[in-house]
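With chain L's structure known, arrange chain X on it following the hints.
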Amino acid sequence: MADGTQHHDDRPEKPADEAALSARLKRLDERLGQTRPGELPDSGAPASSTMDSSAFARGFRLSTELIGGVIVGGGLGWLADSWLGTKPWAFIVLLMLGFVGGVLNVMRSAGLAPPAGQAGQEQQEKTDRD
Amino acid sequence: MEDPIHQFQIENLFTIGHIGPYEIAFTNSAAFMLATVLVICALLLLFTRKDGLVPGRMQSLAELSYEFMAKTVRDSAGTEGMKFFPFIFSLFMFILVSNLLGSVPYGFTISSHIIITVAMALFVFLTVIFYGFYKNGPRFLKLFVPSGIPIYILPLVSAIEVLSFFSRPVSHSVRLFANMLAGHITMKVFASFITMLGAIGLVGWFGAVLPFGLIVALTGLEILVAVLQAYVFAILTCIYLNDALHPGH
Chain L
7 MADGTQHHDD RPEKPADEAA LSARLKRLDE RLGQTRPGEL PDSGAPASST
57 MDSSAFARGF RLSTELIGGV IVGGGLGWLA DSWLGTKPWA FIVLLMLGFV
107 GGVLNVMRSA GLAPPAGQAG QEQQEKTDRD
Chain X
3 MEDPIHQFQI ENLFTIGHIG PYEIAFTNSA AFMLATVLVI CALLLLFTRK
53 DGLVPGRMQS LAELSYEFMA KTVRDSAGTE GMKFFPFIFS LFMFILVSNL
103 LGSVPYGFTI SSHIIITVAM ALFVFLTVIF YGFYKNGPRF LKLFVPSGIP
153 IYILPLVSAI EVLSFFSRPV SHSVRLFANM LAGHITMKVF ASFITMLGAI
203 GLVGWFGAVL PFGLIVALTG LEILVAVLQA YVFAILTCIY LNDALHPGH
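Taken in sequence, the protein lines are chains L and X.
Mapped onto my numbering, the consecutive letters of the first sequence carry residue numbers 7 to 136.
Mapped onto my numbering, the consecutive letters of the second sequence carry residue numbers 3 to 251.
FYI, nobody ran anything at the bench for these hints, they're computed from the structure.
Idealized CB from N, CA, C, for every residue including glycine.
Be aware that one or more of the hints could be misleading.
Pair ranges (Cβ atoms, derived) [to be verified]:
{"id": "1", "chain 1": "X", "residue 1": "ALA121", "chain 2": "L", "residue 2": "LEU31", "range": "29 to 39 Å"}
{"id": "2", "chain 1": "X", "residue 1": "VAL229", "chain 2": "L", "residue 2": "LEU31", "range": "23 to 33 Å"}
{"id": "3", "chain 1": "X", "residue 1": "LEU15", "chain 2": "L", "residue 2": "SER28", "range": "43 to 53 Å"}
{"id": "4", "chain 1": "X", "residue 1": "GLU25", "chain 2": "L", "residue 2": "TRP95", "range": "37 to 47 Å"}
Heads up, simulated EDC-like pairs for lysine to aspartate or glutamate below, C-alpha to C-alpha not over 20 Å straight-line [claimed, not checked]:
{"id": "5", "chain 1": "L", "residue 1": "LYS32", "chain 2": "X", "residue 2": "ASP77"}
{"id": "6", "chain 1": "X", "residue 1": "LYS85", "chain 2": "L", "residue 2": "GLU24"}
{"id": "7", "chain 1": "X", "residue 1": "LYS73", "chain 2": "L", "residue 2": "GLU36"}
Here are a few chain X residues that sit away from chain L, every Cβ distance over 12 Å (derived from the structure) [said to hold, decoys possible]:
{"id": "8", "residue": "PHE49"}
{"id": "9", "residue": "PHE135"}
{"id": "10", "residue": "TYR136"}
{"id": "11", "residue": "THR221"}
Here chain L stands alone, though its shape is the one from the complex:
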């Protein structure tokens, strides 16, 4: 938001020159790659991300991820039970799976796990955008 002036003077070339755009994106990626490894591996959480302006917002963000997983797992299990007539079992299994899914979501949004559909070793080159 703050780089209004810088953005302004490279505007005319934007539609015309796709190569320059991809070059700029690559440069951005490189810069991101430079800053990320320093703060990500051991400190665990990138504290200076734009999204989590405060610890409260960050904690709230992660807790909704977990609660969302549990609620969806439990809800789907309950629905499956009432359709299939397998009273407690689908609920129990899907609630647990939902819990695991919620933990996975928490780890993803904290940048500790690779995004969906990616293997673990690709984590470094394709940094988490969250």
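Using the frame of chain L, we list chain X on its own:
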């Protein structure tokens, strides 16, 4: 004590008509939605009409919001994601302006009702599913099958991935809704402390300075939260749409 929930009351302003047994009413929520849209249109259409080479104050506000969102979409969903830019920009501006209008005294915060945020989150969710299948066909399902997983635990991992995928609209909608609801209730509660302390007498007046200072700080925080949550909603939309554009990478 003033009822802190009362500000979220839906009131019928007038009735538009009936569909079957259901009344279609123009509520205060609808009025604020309309006001939001009008404010956005005024900002984006009226103030950019002059089309000055050197933008004026309002024009540069409109241009800044456009360029900021365009950069966000490009960064998190790639250049291909720009075909969803109108959608994401509309969502962002709608949430941002409605949150800011809700912070005005006597205002009504649209996104403090979960039905609104769920509707927007489900819209995004269904867009991801439909566009993902439309563009990638069955390859979209690779999202749920991470590569390099041994075959014997693959069903379990896929089930977890599917549940994690389905829990997205929940956290997507609850985050915006709960942030706005909690913030506005907090403000109302602290504001009612002022009047309660003020009713005690002279000692209370001095005591009321404390919640008054707090509410000044909270108002600033609320505006920050209003902007931040609109941004978070938009960037999560980008990240989810990115899965539809490039599943499995």
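We went through each hint and held it up to the structure:
{"no.": "1", "hint": "ALA121(X) x LEU31(L): 29 to 39 Å", "result": "holds (33 Å)"}
{"no.": "2", "hint": "VAL229(X) x LEU31(L): 23 to 33 Å", "result": "holds (26 Å)"}
{"no.": "3", "hint": "LEU15(X) x SER28(L): 43 to 53 Å", "result": "holds (51 Å)"}
{"no.": "4", "hint": "GLU25(X) x TRP95(L): 37 to 47 Å", "result": "holds (43 Å)"}
{"no.": "5", "hint": "LYS32(L) x ASP77(X)", "result": "holds (11 Å)"}
{"no.": "6", "hint": "LYS85(X) x GLU24(L)", "result": "holds (15 Å)"}
{"no.": "7", "hint": "LYS73(X) x GLU36(L)", "result": "holds (16 Å)"}
{"no.": "8", "hint": "PHE49", "result": "holds (16 Å)"}
{"no.": "9", "hint": "PHE135", "result": "holds (15 Å)"}
{"no.": "10", "hint": "TYR136", "result": "holds (17 Å)"}
{"no.": "11", "hint": "THR221", "result": "holds (16 Å)"}
In this structure, every one of the numbered hints holds.
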